[in-house]
Amino acid sequence: MPNHDPPTRYSGVAQSFHWIIAALIVTQFILGWTAVDLPSGMHKLALFGRHKSVGMTVLLLAILRLLWRFKHPPPDLPPAMTPVERVLARATHIAFYVLLFAMPITGWMMSSAKNYSVSWFGLFTWPDLIGQNETAFNILKATHDYLSFILFGIAVLHVLAALKHHFWNKDDVFIRMLPFTKSEKRS
Amino acid sequence: MMRRGALAVALFAAAAVAGAAGPASYTADPAASRLEFTGVQEGAEFKGTFRKFTAAVDFAPEALASARFDVQIDLNSLDTMDKDRDQTIRGPDLFDIAHYPTAHYVTRSFTKTATGYSAVGALTLHGVTKDVPIDFQFVAAAGKSKIEGTAKLKRLEFGVGQGDWKSTAEVKDEVKVAFSLVLKPAP
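Heads up: the sequence lines are chains W and G, in that order.
Read in order, the letters of the first sequence are residues 0 to 186 in numbering that gives the first Met the number 0.
Read in order, the letters of the second sequence are residues 0 to 186 in numbering that gives the first Met the number 0.
Simulated from the structure, these hints should not be mistaken for laboratory data.
Computed from a prediction, not measured in an experiment: that's the story for all the values here.
For glycine and all other residues, C-beta sits at the position ideal for the given N, C-alpha and C.
Fair warning: there could be bad hints in the mix.
[Stated by the list, open to error] Calculated cross-link-like contacts (lysine-lysine; reagent style BS3-like; alpha-carbon spacing at most 25 Å): (1) G:46 / G:175; (2) G:51 / G:145; (3) G:46 / W:140; (4) W:43 / G:51.
[Unchecked claim] In silico contact screen, one side only, chain W against chain G (beta carbon under 10 Å); selected entries: (5) 9; (6) 49; (7) 53; (8) 123; (9) 140; (10) 166; (11) 167.
Just need the whole structure built from these sequences, with the hints factored in.
Next up, the structure:
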């Protein structure tokens, strides 16, 4: 008997994508914001090398995650949410998906523009997206920087919203993305 | 008088024979010739070019015993398509061009190989002189003969990499060299 009811929890696969990508993005902020303040030298080179490898991993996972999501719709939002809250939640989630692609792609392009090709953990080298171009590099770097602040902003909003759902609304919006838990109708 | 005339003829003949068997002398056409190196940083290759170098070439396939390459490289003329990287390589921990502005390569012996020729020569770089073998092909053409070849060397054998740069974790020890010399008759 196939179950036609919409799911009440995120699947294990969706949870894995969410938490692995979240951990990688935290890593990216630490690597990127540490490296950018270092003087030119080997430590900067090393941190950005890791940052690029992790960033390409995020891009690959983002592609897989989006494909998975098309086939597996997420659980519905709680009926108690107002239309404004729904629009806000939806906009935040769409912004996340856009940034999951925009961050690595602008990073990859700026590496190409500066003629520092992107390796994946030393195993292979990704092709350059554009040719060496200092003006393009400066524009892409500024874009990558601004996008990182936007990403940081919506990540804070996302965490606060999850906590609000859990502690204020007392619904299962947070719990249903949490592995090793069971959702119960809490409201 | 007869004896002196005979001696002159004999000397002339000897000179003519030596001339035929000896190598032709060339210099590399600076506009058409290239001297490149390829390093690996963070698992990704990067290319650099020396914009200024001179090469004196004595070479003829039938006179390998008296062949000779003498190459002077202006290290300050390096160009890796990124000013920050160029400055780092010029700096005290790598080329240290304030103390060692030029590199010098001079061959000692040549041999014929299955695919072309190889030579062993002494490279003086960063105040260190060490043997570096090269493999090359000689393409004879009237007024536009060409020598194209490659070499491999280890930067740390020449002390190119002090302080942090002694580590090969971020920048590999091995550096590939490629050259293409368009020859014109020496003046």
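To see whether the hints hold, each was checked on the structure:
1. G:46 / G:175: 9 Å, holds
2. G:51 / G:145: 18 Å, holds
3. G:46 / W:140: 22 Å, holds
4. W:43 / G:51: 30 Å, violated
5. 9: 35 Å, violated
6. 49: 8 Å, holds
7. 53: Where the cut-off is 10 Å and the nearest Cβ of chain G is about 12 Å from residue 53 of chain W, the hint is violated.
8. 123: Holds. Min distance 8 Å.
9. 140: 12 Å, violated
10. 166: It is violated, given that the least Cβ distance between residue 166 of chain W and chain G is near 43 Å, above 10 Å.
11. 167: Since chain G brings no Cβ nearer than about 45 Å to residue 167 of chain W, farther than 10 Å, the hint is violated.
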